[in-house]
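Protein chains: 2
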Amino acid sequence: MQIKVAGCSGFCFGVKRAINIAKKALLKDKPKIYSLGPIIHNPQVVEELFKKGLQVVSSLKGIKNGIVIISSHGAPIEVLEEIKKRKINLIDATCPFVKYAQNIVRRLKREGYRIIIMGDKAHPEVKALKSLTLPSPINGRGKKIGIVSQTTQNKENYIKEIGKILEEDFSEIRIFNTICNDTLRRQLATRALLKDCDLIIVIGGKNSANTRRLWQICKESGVGSFHIETESELKREWFAGKRRVGITSGASTPDSMVENVRERIKKFNKGTL
Amino acid sequence: MQIKVAGCSGFCFGVKRAINIAKKALLKDKPKIYSLGPIIHNPQVVEELFKKGLQVVSSLKGIKNGIVIISSHGAPIEVLEEIKKRKINLIDATCPFVKYAQNIVRRLKREGYRIIIMGDKAHPEVKALKSLTLPSPINGRGKKIGIVSQTTQNKENYIKEIGKILEEDFSEIRIFNTICNDTLRRQLATRALLKDCDLIIVIGGKNSANTRRLWQICKESGVGSFHIETESELKREWFAGKRRVGITSGASTPDSMVENVRERIKKFNKGTL
Numbered sequence: 001m002q003i004k005v006a007g008c009s010g011f012c013f014g015v016k017r018a019i020n021i022a023k024k025a026l027l028k029d030k031p032k033i034y035s036l037g038p039i040i041h042n043p044q045v046v047e048e049l050f051k052k053g054l055q056v057v058s059s060l061k062g063i064k065n066g067i068v069i070i071s072s073h074g075a076p077i078e079v080l081e082e083i084k085k086r087k088i089n090l091i092d093a094t095c096p097f098v099k100y101a102q103n104i105v106r107r108l109k110r111e112g113y114r115i116i117i118m119g120d121k122a123h124p125e126v127k128a129l130k131s132l133t134l135p136s137p138i139n140g141r142g143k144k145i146g147i148v149s150q151t152t153q154n155k156e157n158y159i160k161e162i163g164k165i166l167e168e169d170f171s172e173i174r175i176f177n178t179i180c181n182d183t184l185r186r187q188l189a190t191r192a193l194l195k196d197c198d199l200i201i202v203i204g205g206k207n208s209a210n211t212r213r214l215w216q217i218c219k220e221s222g223v224g225s226f227h228i229e230t231e232s233e234l235k236r237e238w239f240a241g242k243r244r245v246g247i248t249s250g251a252s253t254p255d256s257m258v259e260n261v262r263e264r265i266k267k268f269n270k271g272t273l
Numbered sequence: 001m002q003i004k005v006a007g008c009s010g011f012c013f014g015v016k017r018a019i020n021i022a023k024k025a026l027l028k029d030k031p032k033i034y035s036l037g038p039i040i041h042n043p044q045v046v047e048e049l050f051k052k053g054l055q056v057v058s059s060l061k062g063i064k065n066g067i068v069i070i071s072s073h074g075a076p077i078e079v080l081e082e083i084k085k086r087k088i089n090l091i092d093a094t095c096p097f098v099k100y101a102q103n104i105v106r107r108l109k110r111e112g113y114r115i116i117i118m119g120d121k122a123h124p125e126v127k128a129l130k131s132l133t134l135p136s137p138i139n140g141r142g143k144k145i146g147i148v149s150q151t152t153q154n155k156e157n158y159i160k161e162i163g164k165i166l167e168e169d170f171s172e173i174r175i176f177n178t179i180c181n182d183t184l185r186r187q188l189a190t191r192a193l194l195k196d197c198d199l200i201i202v203i204g205g206k207n208s209a210n211t212r213r214l215w216q217i218c219k220e221s222g223v224g225s226f227h228i229e230t231e232s233e234l235k236r237e238w239f240a241g242k243r244r245v246g247i248t249s250g251a252s253t254p255d256s257m258v259e260n261v262r263e264r265i266k267k268f269n270k271g272t273l
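So the protein sequences, as listed, match chains A and B. Take 1 as the starting number for the first sequence in this note's numbering and just add one per residue. Take 1 as the starting number for the second sequence in this note's numbering and just add one per residue.
Same shape as in the complex, but just chain A (with noise of 0.2 Å):
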């Protein structure tokens, strides 16, 4: 049995940032630091944090004093705009790229555009950029339409949306392309694993937006595939008969998830497990 790993693996640009910012955060005199939210998609790397001082919360609520870290999907408006009043200490972890969106939104709203947004309503990131639309225009159906997606978005799904607006009734539809290249490039390198592969083993945190969509490509595809946080998941079965596995693995998954899983695999190879 081979054991192939995607061409793009490992943190991406805004995770490593994010995490970057928090352990410098926490190296400092620590006043009680507070992520907003995970601060990344992936569990066990916010539990290592968690050991070293990160405390997740999920709202403001009884935070008197310390420091505030944004998580690297962002946070809504009227959050941000509270702790602003409330004086609290603030450090944005936001990813640069979901700030691109952000700031795409803000002009779109300043332009006067019917915004629509492509993404998970439940994912930190669609509620932040969700908030900067706020208020809707009274006349939901406007006929200035702009368009951005969720950072994480599948292309291909971004399009087949766009294609059901441009049926509609309009005078302009603007569509920015907000899906950073980090996602691409892993959406394609999952592909290229699926051509050749029997089997696909996605690593990354189960809330994580942009793993899920990895794992949805490989269900579209019809090759077998499962969902993993961690190598404690794997079992041995999976592997029975095959004869080249992949591992792609998402944005927030560190380096070292994804060597354990192989080793692990390995392992299960050569019947030593």
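Because the hints were derived from the structure by calculation, they are not lab data. Glycine included, each C-beta is placed from N, C-alpha and C at the ideal position. Keep in mind that a hint or two might mislead.
Mimicking DSS-like on lysine-lysine, the simulated pairs with C-alpha atoms at most 30 Å apart in a straight line are [what the hints assert, rightly or not]:
| no. | chain 1 | residue 1 | chain 2 | residue 2 |
| --- | --- | --- | --- | --- |
| 1 | B | Lys164 | A | Lys219 |
| 2 | A | Lys52 | A | Lys84 |
| 3 | B | Lys160 | A | Lys109 |
Which bits of chain A does chain B cover? Going by a derived footprint, with three or more residues having C-beta under 8 Å, they are [claimed, not checked]:
| no. | segment |
| --- | --- |
| 4 | 13-23 |
| 5 | 213-219 |
Just some of the chain A residues that point at chain B, by a computed CB distance under 7 Å [unchecked claim]:
| no. | residue |
| --- | --- |
| 6 | Tyr100 |
| 7 | Leu166 |
| 8 | Ser171 |
Assemble the complex: chain A is given as a structure, and chain B must be docked to it using the hints.
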């Protein structure tokens, strides 16, 4: 046999306006009056105006004095500049909806977009629009793309072509719906006819883009159809065994021509012709 005329027929706003502008100019003390290309794409109407003194020219060559009328389709920027330079008197009969498309192209050009025009390359409207995009950027594959369409485009075709562009690598795509309302209404009215007629007669200039698109819609539907300019082209055998005949017409077809066609079909039916 029943005869049904499309819900939208007769001159469109821009054609009516252009003809009125020409007629008004012809009423005055006449210097020589030229139209740069046919003022509208209906040879019979153009012939009538010719009898009243409106001469069609294909270029400014040889024009020394008199008045030049810009046709409803507009004229390329270099022609307008030459008219200005040579101090020729100008009357602009460009359709306001075409002007709207021209203004959008100007703005896109100013803001650095790669501009795509969806339409018939050889049509004067498209040639005029294209003249505003020149010189093309050295790097033709810009990532900021602006798209407009000929005002008489078929929206379905427009959307289909946009779909292809969306698959390219882009940072922003800005799509303007420059298809005029009259085009949309006439196409809808033609589609409605197709639902309950077993033959459609399409009336309009053979050089008329919007008429040709109406005929295209008929041909694609599978219902039998013929494209004529005048009633003299009608043939009795077309109507044998037909139960319901629909008549639709382009934006530059006079109501009187629709009436002539209807009368002749009636006579075929009664056997008086």
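Hint check:
no., hint, in the structure
1, Lys164(B) / Lys219(A), "holds (26 Å)"
2, Lys52(A) / Lys84(A), "holds (26 Å)"
3, Lys160(B) / Lys109(A), "holds (28 Å)"
4, 13-23, "violated (count 0)"
5, 213-219, "violated (count 0)"
6, Tyr100, "violated (10 Å)"
7, Leu166, "holds (5 Å)"
8, Ser171, "holds (5 Å)"
In summary, the numbered hints that this structure violates are 4, 5, 6.
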